[in-house]
Structure formats: structure tokens, C-alpha cells
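There are 2 protein chains.
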Amino acid sequence: MSSEFVRGLTCRLCGKRYPKEALNFCTEDFGPLEVEYDYEAIGRSLRRETLERRPRTMWRYRELLPIDGEPTVGLQVGGTPLVKANRLAEALGVRELYIKNDAVNYPSLSFKDRVVAVALSKAVELGFDTVGCASTGNLAGSVAANAAAAGLEAYVLIPDNLEQGKVLGATIYGAKVVAISGNYDHVNRLCSQIAFRFGWGFVNVNLRPFYAEGSKSMGFEIAEDLGWRAPDHIVVPMAGGSLIGKIHKAFKELEGLGWIDPVCTRMFGAQATGCNPITNAVKTDAKRIKPVRDPRTIAKSLAIGDPADGFFASKLMKETGGWGEDVDDEAIIDAMKLLAETEGIWAETAGGVTLAVTRTLIEQGKIDRDGSTVVCITGNGLKTQEAVIDRIARPPVIRPTLAEFESLIGASPAEAELAPAGA
Amino acid sequence: MSSEFVRGLTCRLCGKRYPKEALNFCTEDFGPLEVEYDYEAIGRSLRRETLERRPRTMWRYRELLPIDGEPTVGLQVGGTPLVKANRLAEALGVRELYIKNDAVNYPSLSFKDRVVAVALSKAVELGFDTVGCASTGNLAGSVAANAAAAGLEAYVLIPDNLEQGKVLGATIYGAKVVAISGNYDHVNRLCSQIAFRFGWGFVNVNLRPFYAEGSKSMGFEIAEDLGWRAPDHIVVPMAGGSLIGKIHKAFKELEGLGWIDPVCTRMFGAQATGCNPITNAVKTDAKRIKPVRDPRTIAKSLAIGDPADGFFASKLMKETGGWGEDVDDEAIIDAMKLLAETEGIWAETAGGVTLAVTRTLIEQGKIDRDGSTVVCITGNGLKTQEAVIDRIARPPVIRPTLAEFESLIGASPAEAELAPAGA
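Residue numbers (our numbering), protein chains in the order written: chain S, 1 to 423; chain A, 1 to 423.
Calculated directly from the structure, the hints in this document are not laboratory data.
Keep in mind that the hints are not guaranteed to be accurate.
Which copy is meant is left open, so a pair is good if it fits within one copy or across any two.
As the list claims (entries may be wrong) - Listed next, the in silico DMTMM-like pairs over lysine to aspartate or glutamate satisfying Cα-Cα at most 25 Å (straight line):
{"no.": "1", "residue 1": "K176", "residue 2": "E341"}
{"no.": "2", "residue 1": "K246", "residue 2": "E70"}
{"no.": "3", "residue 1": "K337", "residue 2": "D129"}
{"no.": "4", "residue 1": "K337", "residue 2": "E163"}
{"no.": "5", "residue 1": "K84", "residue 2": "E52"}
{"no.": "6", "residue 1": "K176", "residue 2": "E386"}
{"no.": "7", "residue 1": "K176", "residue 2": "D390"}
{"no.": "8", "residue 1": "K252", "residue 2": "E52"}
{"no.": "9", "residue 1": "K176", "residue 2": "E406"}
{"no.": "10", "residue 1": "K176", "residue 2": "E90"}
{"no.": "11", "residue 1": "K249", "residue 2": "E34"}
{"no.": "12", "residue 1": "K176", "residue 2": "D334"}
In isolation and in its complexed conformation, chain S is listed as follows (with noise of 0.2 Å):
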């Protein structure tokens, strides 16, 4: 039970303070909201060592996230690797190198299963049986299996010009998809009004500051997995802008607690440069968030023009000596094959985007070679077929036969590699 740990909701630009309840946003200024916890409390009640004794999945980090008695949706979520990534490290000239691979996160196959595993926790327990999302993807997909497995109703709102395995990966699952023409923020703002009217629970939108809080975990297993410590830098993909502020909550969190040393990690954003409101404002020092009224990338999962915090996103960047950057489609998919060649990790679209921006920050200097940097994966490349399938030789088609494999490779064994003394 960790009810006595989650004080409230506070804005985060007035400081209102609201009761743990289903809100959009603050009534006096559309803030942001955001959870408040008891941290001396925790750190009373929660030692380190227990917590390492707990399954390996998102909730042995119960206590720092906003639900008030145990979990009961998403329970397998979370826990996912976090690699040492050596050949990719010496293929970008850096000492070292961790990719968080959320393209295997448990049910569907995105850092999304972590933000609703909270979020339709707490749905269950503020009593709704009908919840829903407004998704580029993968929140569609991960809406619709945690909800099936919960037996909670779903309604999945998209933009209709979706990837097939994202929109099958929705509807295989008996949810109410439904395509909206436009764009996401179409699609968000329809969902903010539908929510209003039915009240249902959508988990991000007024669900959103419980939702929001899920993605701490990644933060969370990042630092316990490096052995307790928070790298030198950490390269985040940003759609709405949320993942990085909350990947920087947790390590202060941590450090907060006395569990990890001050925390000295520059925050870097990626983004594709046909929907880059965040990278640039950041860029172009500017003081606010210019929306993209017409995003055009194949990392569609990034692309909301009008992002929810990418406001507090840029500013983080900037006050922990980080950076935002972004990289066209081309880049991309070279990003997706390195990332596959010498690492054996498929990812979507989106981790293209952030592994490129990781080649280019490192090129500008902006990453020191020397120090430690994890690159958050956040979605699987099998949902994002479209964007490579031109891209890759097909297999070439032989008959069953050695003579037409050997042909096919131009070597006979004398030419071909020497068998080792095992063979």
C-alpha cells in the first residue's frame, strides 16, 4: 500500500493545489498537473535493498508512482533491458554506450505499456469502466491490451493515415478503434471533448498527471541498472515532450532519496525535423513553442505538432547543459540498420530518430566521447514496417540446390571462409 505517499496534484505553473482526482489541467491557468508525493515518508518506509528484492518489472517502484493501493493492470510491465552497447559504441566513436530497450516492454512492445500500466490502475480505481486515448501508435495498441486484459471498455482514437501494425494492433484486441481525419492534435482535441461528455477515463487526457508519472520507471531502471548512478548524458525521442522531464524527475527523485550521487545528466531531445517544434525552440532560443501545423515524417509516433509539455522540455534541455536536435527520414533509416547491425535491436521509426540525433550530438561535440550515454528505444521496428520495407534489398530466390547457393555467392568452399577445428 502506498496510499499515504501521493499527496496530491499541483500546477506547475501557479502551484494550485488539487486532490488526487481525474483532471485535465489547473482551472485558473491550464497548467500542467502534476503528482506530489510524501518523499519523507517514502524514504522512511522503502529501503533500496528491499526494493531489489522485488520482481523485476515497473512496480517494484510502487511507492514512487501515483496509485493508491496495489496495482491491478499492467502488472508485467517494465523491467526491460538495459545493453551495453559495444559494438555500436566503437561504430560512433564513444567509450560508453546503453541502449534502454522498451521495443521488448511488456504487453505491447513500447515504453506506452508503462504510462497506462499507471494510468488504468488508477482508472480502476477512481471507478471508471470505460477509458480511452488519443494515440500516434503505440499508446493505441498498449490502451487496447491492457484494457483487454483488465476487461475495461476502450475507446482508441488515431490520425487515419496510421502504420498496419499499429492500427492491427489495436483492433486485434477487441477495442473501439476509431480513425479520425487529421492529424493528432485533431484527434487530441476530440478526445479531451468526448472525455468531458461521456466521462470516461482517458489516460492522457484526464488521466494524464497519474499517466504521465508511469514514465519515471524507465528513469528508474536506467539509474539501478547502471549500478545506481545517473549517466552523463541521455538521449530522449519527444513527441508530446513528456518522457525527458519525467526520465529527470525520477533521477532527482533518486538522488532526492539518497539512493544515487547529485544528479550532473544533460537532458538531450530528439526529434525528426518534419515535426521539431521542441528541437527547435531549443535551436532557436525561443521562448515559447511554435507549433507544426503539418507534420511530415516517417517517425509518426514523434509527430504532434503541438506539444503538451514541450514547453517545459526545452527548458530542461537547456538548464542541464543538454541540447535538442533533429534529423531528416534519410538519417533515420540509416540510424534503424546501425542500430539493427551491430546490436541485433530492431526499432521503430522513433528510435532511428534518437539514435540519429545521438550520432549528430556526438559529431557537434555536444556529447563527450568519454562519458556514459544511454539512448532511450522506445517502440519495436515490426510496427513500423513501412517506413524500411522499400529501403532493404529483398532476398534473392534460388532453387534447392548447393551449385545454385554457390553461384548465388560466388565462392566455392576453397574461396569461402576456412572451417575452424570444430566443424
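Fit chain A to the known structure of chain S by using the hints.
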């Protein structure tokens, strides 16, 4: 170090012993070779409590896997969830049901990562730098991904009719993929010739004895997650027929170590009716497997007409009081949907086969409704989208207005469910 634990290879037919090298089969009678261990030494060296404190990957059972040194490939493989499937249990009318979910195995989302991790770790030990496989799809992706991460050159041979997701899921990693005009059995025969001629390490040809042992880790994990016990029934998909035997071997090894009670598990095997050489042998009480010359099923990953371990699989099912059953494409798709809608798990077609067979066996009374049952899901639904895309309704498209949404769902808030207190 576990080198002291592996004694060598033994022919399953004549018992002739061989050293632990890359060998296809017994030179006397072409019988399959089985890895032999020194269980007494393992029992003296390893305690259950020691193992429980290790990272949750397949390698926590490394003393029972045929690697001489530390594993070097696939270090993150295994540790997949055993899901207590209460909603599915209710739908099927059984008391205690579990899904062993290798659809989220690392890195390539199928149980094949287990066998490949062992085979490639062994390939490195034996000095191979070029590896390969004959595959119906999942093995292709697993060899390609794990070989890329390990820096090994990989040749992947597949039938020329595979699903896009499985082809792209091998080429993306930079493996040399060759499509063969023919079925799996043609591919497999060619691979035997190539392995012999070029001296390469083909995981399911000359590395097969080691490779197959990797499947035991699925059984170890199931028993551990059940609180160190074997289930009353387990349903396992069969292609070559190896997995079912290795899971049983795993239970028996744990029994031999005194870690679980004597094993009374009834072993059930699942195939598609369009390629059912093993279940057909069970149902007709045949003395030998009659190959299926022209497999026709949407479950392409199970479409092996001449299964290498079919004889042993059918023998095992009969000896344990289990059974073999097969199902048609319609039943496969229905079961895929049922699993997704009740448990939020999107399995590939093979998973549909296994669940549909489970359902049939329950209806036939062959699986006891009051016993415990584990259903093995071995691959991810994102890889076989073609099989269901035309069977799942596409989402309706509306403009982004509340009026169109209400018209679509045929409800205004008054008719829809009432909002809960928290809304």
C-alpha cells in the same frame, strides 16, 4: 564455469557416445544426439536459492545448458512472463490457466532466441565465425539479430513464401538472407549440404544438439514461476517436435535434482491440420511419422512436413497420458482473437494453433478442467499480420467532431454509461 558438467553427446537410438563437438547426428544410425550432463556434480554445485538470486534470464540455469564457459551471445534472452490467465480461464471453463509468453522474448520476440543464444554461444566456443540456419521465420530473425549483436556473419535460408514481417525481421539486421523456392524441408536439406561443404555453424544442423537444449529454459522458468512445481497439463506447439520434449526434459531434470516433486505432467502437442504429421501419428497410433508433402496452413512457423523429432514427440505424448490434436485455419484465427481480447496478448498464428488445440482438448475432456494448465505461446502477432488483416474490421473514419463521434457510436451521454464519481 560449467565445463565440468557437460559429459558429451549420446545417440538417442543406439546410445553411442560422442565428444561435445559440432555434429549433425549419429554416424551409425543417423539418430539424433542428446547432450549428457553430470547431474551429480550439478547437484553438488548449485542450490535453488543461489539460482533465484541471479538475473532473470535463461542463463540463471546455465549449469543445465551445454556451454563450457560463460555465455557470450544472447545474454538478455528468457525470463519471459508466466501470466495467470484468469479471464481466458473463465472463457474456457477451467480453474487454473497460465500463458507462458515468449511473444516478448528478447531480442526477436519468439522462443527461438533461447535456442539461438545457446547455439551461437557454442558456435563462438567452437571457433565458428560464420553461422546460419534453415528457418520458417522466427529462427531467421533470431539468428540474424543475435549474430549481428555478436558480430558473427550469418546466412539465413527461408522458404520463399514467408510473411513480410519475418523476412524483413531478418534482412534488417544485415544477415545474408536467401529465399528458396520450395518448402521448409527443401531448405533444411540444402542447409545440411552447405554446413558440410563450407564448414559453417548452422544452428539447427550441425549445432543442433546444443541448440535444442536451449528450449529447456522455457520449462525451467515455468516450473520456477509456478512456485517450483510442474503443471498438470502443458500444451506445446510442434513444428520439428523438439520443444515439447525439451520442456519435459527440463521438468525431469528439476525432479532429478530434487527441486520439484515427481513430474506427472501430461504433455499435449498442437499442430495445424494443414501440416499435422505428428498429431496424425498420435491419433492413428502410428509407429512412425508419415511426412506431409505439401503443408498448407496459415501457421507457417509450424509448417514442417518432415519433423526431425516427430517420433520422440509422439512417443512422449502417449507415455505421459497426453495427446496430440490439430485445428484448422478458422479455429486458429478465432483463438488468436480470444487470446488478445481476454488477456491482451497478441500471439502469432502458432499461438492460435496452441490455444485452439487447448480449447479442443478441454472440450474433449482430455484436459481436466480442475487441473493446472500451461499454454506455451512462442511468437508475436506482429510477425504474422497477413493471416488476420482481412479478418479484423478496419476502423471507421470520421471527421474530428463530437457530433460525428456520437453519431458513430449511436449514443449521447444520457444513453452511454454514466460517469463515475471521479470523472
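For this session: Identify every previously stated hint that the structure contradicts and give their numbers, smallest first.
Result: none
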